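> Listed below, chain by chain, are the residues.
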Amino acid sequence: NAGVTQTPKFRILKIGQSMTLQCTQDMNHNYMYWYRQDPGMGLKLIYYSVGAGITDKGEVPNGYNVSRSTTEDFPLRLELAAPSQTSVYFCASSFGPGNTEAFFGQGTRLTVV
Amino acid sequence: SQKIEQNSEALNIQEGKTATLTCNYTNYSPAYLQWYRQDPGRGPVFLLLIRENEKEKRKERLKVTFDTTLKQSLFHITASQPADSATYLCALDGTGNQFYFGTGTSLTVIP
Chain A
91 NAGVTQTPKF
101 RILKIGQSMT
111 LQCTQDMNHN
121 YMYWYRQDPG
131 MGLKLIYYSV
141 GAGITDKGEV
151 PNGYNVSRST
161 TEDFPLRLEL
171 AAPSQTSVYF
181 CASSFGPGNT
191 EAFFGQGTRL
201 TVV
Chain B
228 SQKIEQNSEA
238 LNIQEGKTAT
248 LTCNYTNYSP
258 AYLQWYRQDP
268 GRGPVFLLLI
278 RENEKEKRKE
288 RLKVTFDTTL
298 KQSLFHITAS
308 QPADSATYLC
318 ALDGTGNQFY
328 FGTGTSLTVI
338 P
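Chains as they are written, first to last, in my numbering: chain A, 91 to 203; chain B, 228 to 338.
Keep in mind that a hint or two might mislead.
[As the list claims (entries may be wrong)] One side of the interface only, derived from the structure: several residues of chain B facing chain A at Cβ under 10 Å:
hint	residue
1	233
2	271
3	321
4	329
5	330
6	335
Keep in mind the hints are simulated off the structure, nothing from the lab. This structure is a prediction, so every number in the text was calculated from the model and none was measured. Glycine is no exception: its CB is placed at the ideal position from the N, C-alpha and C atoms.
With the rest of the complex left out, here is chain A (with noise of 0.2 Å):
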């Protein structure tokens, strides 16, 4: 099983810029998140889904949408790239929002120049 993957697993945007973020999971988990990771922080959540066609805010969602049109697949776009930015992004899914165990992608390392 591959699990979680995303892609880029680096990228450097120039302010304005737009990008998506890509996340695939092959283990038909119906719950998938996005979350931003600054140095020395934890993990902020950014959008959420409970499943195809269903998505919703987590707690810092401005500058970012997401879309959910397959099971497998999360997207994150963020639309006129801003240094604020410049963080790791991880995606993860579970069959649950917590009663069972997350599994995250290695990370996309994205910094805004």
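Based on the hints, put chain B in the right spot on chain A.
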């Protein structure tokens, strides 16, 4: 929303000793609380899950306690080894199917 606090100071202990990490939360009590390990440059990896009606959970050298009155979970690593050096995160479910993480505690086990 839920606020989760972990030891902000890094924890250094001697090999063979027991490491104890703390996770405190405010507001409502979660139904589940989880602990994860994160190594530098990697995503978190699940270690243990404990339910609100469970006082204690063990897995090999790991032990987790859950005190809903104190709103606190303790995570213990007994007979610690240098390979246990990592950041440890607690996580819990929130309202509306959300899943929150604490800030993490960095543990270094000194040989």
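> Need the list of violated hint numbers for this structure, in ascending order.
6
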